[in-house]
Structures are given as structure tokens and as C-alpha cells.
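S.K.: Add chain B to chain A, keeping to what the hints say.
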Amino acid sequence: MDHFPTNWGRPRNDAFDAYGTYPIHQRPNNVKDTFAEGVQHTQQPIVTGTSVLAIKYKDGIMMAADNLASYGSLARFRDVQRLHAVGNHTVLGASGDMSDFQYIRSLLDDLVIEEFTEQDEHTLGPAEIHEYLSQLMYARRSKLNPLWNSLLVGGYKDGKRFLAYVDLLGTTYSASTIATGYGSYIAQPLLRKAVEGREDTLTELEAQAILEESLLVLFYRDARSLDKYQIAKVTEGGVAISESMALKTSWSFAEGIRGYGAQTQ
Amino acid sequence: MAQTRSFNPYTENGGTILAISGQDFSVIAGDTRQSEGYSIQTRYAPKVFRLTDRAVLAVNGFAADGNMFVKKVKQRLEWYKHAHSKDMPLKAIARLIQTMLYAKRFFPYYVYNILGGIEEDGTGAVYSFDPVGSYEREACRAAGAAQSLVQPFLDNQIYFKNQVAAPGTTHPAHLPLPDVLSIVIDSFTSATERHIEVGDGLEVYIVLAKGRDLQDFEAIRARNVHLTQELTVTEDGERIFVMRLDLKKD
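Protein sequence lines correspond, in order, to chains A and B.
What the first sequence shows, in UniProt numbering, is residues 1 to 265, in sequence order.
What the second sequence shows, in UniProt numbering, is residues 1 to 250, in sequence order.
Bear in mind the hints are in silico, worked out from the structure with no lab data behind them.
These numbers come from a predicted model, not from an experiment.
Heads up, a few of these hints could be off.
No farther apart than 27 Å at their CA atoms in a straight line, the calculated lysine-lysine pairs in the DSSO-like style are these [claimed, not checked]:
no.	chain 1	residue 1	chain 2	residue 2
1	A	193	B	248
2	B	249	A	160
3	B	104	A	143
4	A	160	B	71
5	B	74	A	143
6	B	71	A	143
7	A	58	A	228
8	A	160	A	193
9	A	193	B	249
10	B	72	A	143
11	A	228	A	193
12	B	71	B	104
13	A	58	B	249
14	B	210	B	91
15	B	81	B	104
Not everything, but these chain A residues come out facing chain B in the computed CB check (under 10 Å) [what the hints assert, rightly or not]:
no.	residue
16	44
17	137
18	148
19	165
20	167
21	172
22	175
23	192
Negatives, chain A to chain B, calculated, CB over 12 Å [stated by the list, open to error]:
no.	residue
24	67
25	223
26	224
27	257
A virtual CB, placed ideally from N, CA and C, is assigned to each residue, including glycine.
Chain A extracted, bound-state conformation (with noise of 0.2 Å):
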């Protein structure tokens, strides 16, 4: 019989010698500590999405990324969809860690649920998003627990075109052309080239040809990105995700490669 009636309904240890008097006694210490181990908090993403990359045109802001989520360096999901709608004005895209933007997206589907409750003719515009968004992000890298991901807010709202950055430390920024993870480095200048200073001129396919011609570059760079993806377009008419789409690639010019990799002469 165990005479301490805090051990009464715990697990029991009989090692543990609960009449011992010696040197005085104790609980039976078989009660394993919740926190010993500390909260564990998103040390490094695991599922991750690559770059996205978004520029601004003459109709509204177009967002591009490809359908993948690796585990490493394992292209593991090869259906995912990067870009979602967050109400009627805005289009979110993710890289990094894909259960950290699954969660963000159940937090906008709930804020975007509670403001359509309201029934108060506002509607959440991009530029709302975002705020909430860096607000999230900052809080959270705040609390040294953060949500593991590069985001892109586009939209178009009010006849005012919205493009935005937020990353898991909180920094934001805005620019007339944006790209997230490896993007922002083989992407980047491309856009920048074909875009700065003709955002009002650009139209709807010479924007869809840059982002597709900078997705191929990625595609054929970047080790973990697919050819298999996604663009999304917020204009006045609101958001339009298209399907999966495949790009056009050509390895022909690999027959012509000299000086390295498998070759007989």
C-alpha cells in the first residue's frame, strides 16, 4: 500500500522503496517532467517549397511558383499548391517550411471568416494581409519560435497594386518585382532587367513570358525546384489561380557540353 496520496493513480515504481526513512522521504520520482526537455520550437523547416517570384504589370500584380515540397533534398510532394487566395483581393505564396504555411493559411481563413461576419462592407485588402502577416512573423521570431518561411503578398485593391515580403525574422519589404529563396538570386535580376520602370506598361503575357522564362532558368538551376507549376493573377477582377502547368525544357543543347561529365572524346 502506497501511504502518500499524491503517488495515488500515478504509474507505479516498484525499484522505488516508498517506506524507506533513509535519508528522508521522497516521492517516488517516476513522474516524468513535461517541460525537462525545454518547448521545442521549429529549429529548421522540413518540408520546404522553393522560391516564389511576383512582379508587378500594367493590370494588377502576377505570382508565379512551382508545385513542389521536398524533404531535403527528396522532391517528396510533387503536387503542392504554393500560391492560395486569401480573400478576394489577395494572393499569399509560400516558400519554406509547408506546415508552418499550412497553419498561417487556417489563421487567414479564420481572420478572413471573421471580418466576412461582420457584414460591414469592408473587405480585407492586401495590404491588411501583409500587416497582419508581418505582425505574425515578428511576434513569433519574437518569441525565438518561428514560422519557417519566406511569404509574398500580391493584390490588387481600390485600383492600387500591392506587392510585399515577409520572411521569418519579421523583415518586410515592397518593390516592383520580388523573388524568395534561390529566386532571389538567379530570379531577381532577370525580373528587375524586364520589369523596373515598365510596371504600367507591361502586359498580362509579356509578364506571364518573363516569370515562365524565369521559372525555366530555375528549373534548370535550382536542384530543388520542379518543372511542374503555378500562376496566379490578382487584377481588378480579383484572383485567378491557373492549373498545374508544365514547362517547356530542352536538353539538346547538353549533347554540345565539353570539358566535363560523361563524355567519350
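M.R.: This is chain B only, laid out in the frame that chain A set:
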């Protein structure tokens, strides 16, 4: 044992800020490039902010902390205005900034602040801060990526360090506004040449004391009409202007 944390909550976003005070004016400037590592994130991210009609704050370092800090300072100034029906005086803003920075002594805002404006006695003033709140009033200060390039130049041109006055004369205690503006613009064009994190654009805030003669400023303004914008809100007080200039983008 808890695992050692590998997440680094800080980064450095480049750029440079600078402020110079005169007898009855203050000039606060910053470039508009925001970068991380070797990448330019954007060519236009303001680092200089109007707080009141006589106070301007420039922030430099970790941009996310900077934006949050400015947001909180503005909020405190709004509360002050609702409580006291007037704008907070410059020296009080300076002390407020110290306490706000020191409150986060053990998880600091990684931000260098420079506060410029007009004191209650009508003199131009510059206050500079370190990330945990140490501050002092100065005549001029540069901070940020190109501090090591700009501050020695200011020591020479504003404080006349290593200069000997012509026999029978002394160095002036205060420089006139046109001279100060030239020094500010030259500082940034030079820093842009020699520092990769500085460039793209320049924002120069000019705070003029109440009742100041505007002749010299109007002459400068006339040359840069489309670049200069007045931000003054209150009638019959200090006046604030901002000049937006281009810097090299490479």
C-alpha cells in the same frame, strides 16, 4: 537538456543614416536601399520618419526591429498628445527613446537611432543612441554601414578637426543650411561609391525652427521643386520638408 538554439533572430539590413544640426535647423538623412548579404531587397525602404513637426527619427540596423521600434515610438507620441494636447518636446522624445531601448536590454532592438529636430529653445539638435539606449546630444552623427566612411568626414567638415583657422579668425560654431545640405549630399554620394550597401535613393528631412528666415532654403528648394515636399502639419510652428534625391543604383 534543452537543445542549444540555432535560430538567429537578427540580421543586418545595410544602409546609412546621418544627421547634422545647425543654429536654427536640423537635417536628418538616410539612403533608401534595403539589403541582406549581397542581395538588394528593395531600392526604396525609408529609414527616416517624421515623428512630430519638430522631430524626425532615423533608424538603421535590423529593419524589422527598426520598423517595430518606430511604430512603438509613434504610438507613445500619440498617447502623449491625447494626454497633454501638445507634441512631446524633442529632449523628452530622446529620453523616451532611451527608456524604450533599455527596456529591451536583454533582447535588444538591433537598431542605431538618430533623432533630429528643434528643441524648445529654438535651437537645432541631434541626439544619437546605441541599441540599448545610451544617448547624447551632438552637432552631427553618422550611423550604419558607412559610418566609418562618413563620420571622419563630418568630424573634419563640421567640427573642423585637423583644420587650422586662418590667422586672426576662428572656426564658425554653426554652419549655414546650404553648406550643411551640400555636406550631407556629398557624404551619401561618396558612401555610395565606396560601400556596396549604400545607394539607390536619398531622403533628406529638413526641420526649420519656428519663425526662421526661409530665404536660403527657398533658393535651394527652387532648384529642386519637384523633389521637395512639405510635411508640416501645424500652422505657425516649426516646418518640415523632405527632399528625395537619386543615388547610384549599382
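S.K.: Now tell me, hint by hint, if it's right for this structure.
M.R.: Against the structure, the hints come out as follows:
Between the alpha carbons of residue 193 of chain A and residue 248 of chain B the distance comes to roughly 16 Å, so the proposed pair stays at or under 27 Å and holds. Note on residue 249 of chain B and residue 160 of chain A: the hinted pairing holds, with a Cα-Cα distance of about 26 Å set against a maximum of 27 Å. Under the criterion of a C-alpha separation no larger than 27 Å, the hint pairing residue 104 of chain B with residue 143 of chain A is consistent with the structure, at around 13 Å. Taken as a hint, the residue 160 of chain A and residue 71 of chain B pair is honoured in the structure, with Cα atoms around 24 Å apart against an allowance of 27 Å.
Between residue 74 of chain B and residue 143 of chain A the alpha-carbon distance is near 23 Å, which keeps this suggested pair within the 27 Å criterion. Restraint check for residue 71 of chain B and residue 143 of chain A: the C-alpha separation of about 19 Å stays at or below 27 Å, so the hint holds. Simply put, residue 58 of chain A and residue 228 of chain A have alpha-carbon atoms about 26 Å apart, close enough for the 27 Å limit, and the pair holds. With a CA separation close to 23 Å, the supplied pair residue 160 of chain A and residue 193 of chain A stays within the 27 Å bound.
A threshold of 27 Å between alpha carbons decides the hint, and for residue 193 of chain A with residue 249 of chain B the separation of about 13 Å falls inside it, so the pair holds. For a cut-off of 27 Å, the pair hint linking residue 72 of chain B to residue 143 of chain A stands: about 18 Å separates their Cα positions. The suggested pairing of residue 228 of chain A with residue 193 of chain A holds, with an alpha-carbon distance near 25 Å, which does not exceed 27 Å. Annotation: proposed proximity of residue 71 of chain B to residue 104 of chain B holds, straight-line Cα distance about 15 Å (limit 27 Å).
Proximity of residue 58 of chain A to residue 249 of chain B is assessed by CA-CA distance (about 24 Å); at most 27 Å being required, the pair is judged to hold. For the hint linking residue 210 of chain B to residue 91 of chain B, the alpha-carbon distance of about 17 Å falls within 27 Å, and the restraint holds. Taking the CA atoms of residue 81 of chain B and residue 104 of chain B, the gap is near 24 Å; set against the 27 Å cutoff, the hint holds. A least Cβ separation of about 7 Å between residue 44 of chain A and chain B falls short of the 10 Å threshold, and the interface hint therefore holds.
Because the smallest distance between the Cβ of residue 137 of chain A and any Cβ of chain B comes to about 8 Å, under 10 Å, the interface hint for this residue holds. Residue-level restraint check for residue 148 of chain A holds (minimum Cβ-Cβ distance to chain B is 9 Å; threshold 10 Å). Because the closest C-beta pair between residue 165 of chain A and chain B is about 7 Å apart, less than 10 Å, the hint holds. For residue 167 of chain A, the interface hint holds, the least distance from its beta-carbon to any beta-carbon of chain B being 9 Å, beneath 10 Å.
This hint holds: residue 172 of chain A has a C-beta 7 Å from the nearest C-beta of chain B, less than the 10 Å allowed. The closest approach between the C-beta of residue 175 of chain A and any C-beta of chain B is roughly 4 Å, which is under the 10 Å cut-off, so the hint is satisfied. With a cut of 10 Å, the hint placing residue 192 of chain A at the interface with chain B holds, because the nearest CB-to-CB distance is about 9 Å. Every Cβ of chain B is farther than 12 Å from the Cβ of residue 67 of chain A; the closest lies at roughly 25 Å, confirming the non-interface assignment.
With a minimum CB-CB distance of about 20 Å to chain B, residue 223 of chain A clears the 12 Å threshold, and the non-interface call stands. Residue-level check passed: residue 224 of chain A sits 18 Å from the nearest beta carbon of chain B, beyond 12 Å. Every Cβ of chain B is farther than 12 Å from the Cβ of residue 257 of chain A; the closest lies at roughly 28 Å, confirming the non-interface assignment.
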